[in-house]
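With chain A held as given, fit chain B onto it using these hints.
Those protein sequence lines, which keep their order, are chains A and B.
Heads up: the first sequence runs through residues 1 to 393, numbered per our numbering.
Heads up: the second sequence runs through residues 1001 to 1056, numbered per our numbering.
Careful, some of the hints might be misleading.
In the DSS-like style, the derived pairs of lysine-lysine whose C-alpha atoms are separated by at most 30 Å in a straight line are [what the hints assert, rightly or not]:
id, chain 1, residue 1, chain 2, residue 2
1, A, Lys231, B, Lys1038
2, B, Lys1045, A, Lys100
3, A, Lys128, B, Lys1038
4, A, Lys120, A, Lys29
5, A, Lys116, A, Lys146
6, A, Lys251, B, Lys1045
7, A, Lys173, B, Lys1038
8, A, Lys244, B, Lys1045
9, B, Lys1055, A, Lys231
10, A, Lys244, A, Lys347
11, A, Lys321, A, Lys29
12, A, Lys231, A, Lys351
13, B, Lys1008, A, Lys244
14, A, Lys175, A, Lys317
Bear in mind the hints are in silico, worked out from the structure with no lab data behind them.
All figures in this text were calculated on a predicted structure; none of them were measured in a lab.
Spelled out, the chains give:
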Amino acid sequence: MNMNCDVVVVGAGPGGSMAAKTAAAAGLKVVMLEKRQEIGDPVRCAEGVGKRAFCQMVKPEPEWIAAEVKGARIYAPDGSRIVMSEDKGGSEVGYVLERKVFDRGLAMEAARAGAKVMVKTRALGLLKEDGVPCGVSALRIGEPLKIRAPLIIGADGVESKVGRWAGIDTTLKLKDIETCAQFLVSDPKIDDQYTEFFLGNTIAPAGYAWSFPKGEMLANVGLGILGSRSKPGEATRLLCSFMKSHFPNGKVVEMVVGGDPCSGPIESATADGVMLVGDAARQTDPLTGGGILTAMQAGMIVGEVAAKALAAGDLSKAGLKEYEDRWRADIGGHLARSYEFKEFFVKLSDKDLNQLIGSLAKEDISKMDLRGMLRVLFRLNPKLLWELRHLVI
Amino acid sequence: MLTVNRYKCCYCGACVGVCPTTALELVETWLEVSADCKECGICTKICPVGALEVKA
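Chain A with its partners taken away, still in its complex shape (with noise of 0.2 Å):
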């Protein structure tokens, strides 16, 4: 069978749904392929975003979210914590998404803004002419399928292909992805009014735990740690672990597991004819691991763009330029900040870890962003923060 378009969109995440909606918006033809036969599930995340950023993206149906919570606590490796409000706790706190309910959702947004949702169909690989991408092949429930597009959508997510197919390496080293498990976990015992992150080396070496609420008495708790560090089936081992130590009477309702890039902003998420967008582009904030929020952000940048390149005729790299300037401009610099944070947390030894924690004891953090509370670390462990000097004045 043979399909023509505008763009197609492989993928239908949260990036790939708001690319597609955004130009089916703007009145392109768009077809959006999903490889699995459900949208949105199995999910592979902890689920958290922040809740002013998400509602100037979208209008959240209220069944998308799970729970809402008011702050956020960090407990150093000798247990001692220190706690965030939510609206300065930076993006990874406020709402706690249903992401099977979410993702769909925000697909049939996409299919109600006039784009065609195809599920269990996966790309196979580019068509090209002249060497030129011309659409995908795909095998739509295992039957070959030609979707002829000038422009295509990489959303593909942590497995993408799409830039690779375009000749975008976008191989993660070990180094830069995170290795996670997840159990959804019944206990008496949690506080749905917090996120909770727990460091250490011995909890998730070169990452961190988690316990995000998701309702009364019930949350994602999972950890993610480097790739570097890790050996097979080392998450799921920790995770077990962490579970004996800090919900031993958690009842485990639901098991999720995936790998989160950390490896900051990649060279180019654009080649003749492509844009990729989301986890595809590695568009994740390297020290939280959260990217649905980036991903939504350059989702309608990819879409808005996509209708002006399909204008003015030019779907070559340099006719899609002004995505690449713009993610940048928008997310980039965050996440290349974030990355050289990264870079710098996952040296840090466990006293390294309490020292830094317990030197914000004293002080009232509460009203801080990030960055503020970056600035009292630094002003109280100089020499510990030093190589971070540039990253905080």
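Structure of chain B alone, referenced to chain A:
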């Protein structure tokens, strides 16, 4: 040879993202290994559940 323990695999696709030869492909719950696999073992380290193993 790279083997996939189908009873362990949670089909998250982390292995696909680190494969230097694009030899892996996740098809819903089924991880495909192509002939391009060089048995480098990078994917085995990243696997959160330990489903991958390079066997002699």
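To see whether the hints hold, each was checked on the structure:
1. A/Lys231 with B/Lys1038: holds, 19 Å
2. B/Lys1045 with A/Lys100: Satisfied, since the Cα-Cα distance of roughly 28 Å is no more than 30 Å.
3. A/Lys128 with B/Lys1038: The given pair, whose Cα atoms are some 27 Å apart, holds under the 30 Å limit.
4. A/Lys120 with A/Lys29: Holds: A/Lys120 and A/Lys29 sit about 20 Å apart, inside 30 Å.
5. A/Lys116 with A/Lys146: holds, 15 Å
6. A/Lys251 with B/Lys1045: Satisfied, since the Cα-Cα distance of roughly 28 Å is no more than 30 Å.
7. A/Lys173 with B/Lys1038: Holds. A/Lys173 to B/Lys1038 sits at ~16 Å (cutoff 30 Å).
8. A/Lys244 with B/Lys1045: holds, 24 Å
9. B/Lys1055 with A/Lys231: With a Cα-Cα distance of about 16 Å, the restraint between B/Lys1055 and A/Lys231 holds, given a limit of 30 Å.
10. A/Lys244 with A/Lys347: The hint holds at about 26 Å.
11. A/Lys321 with A/Lys29: At roughly 22 Å apart (the allowed maximum being 30 Å), A/Lys29 and A/Lys321 satisfy the hint.
12. A/Lys231 with A/Lys351: holds, 24 Å
13. B/Lys1008 with A/Lys244: holds, 21 Å
14. A/Lys175 with A/Lys317: Measuring from Cα to Cα gives roughly 29 Å; hence the hint holds.
In this structure, every one of the numbered hints holds.
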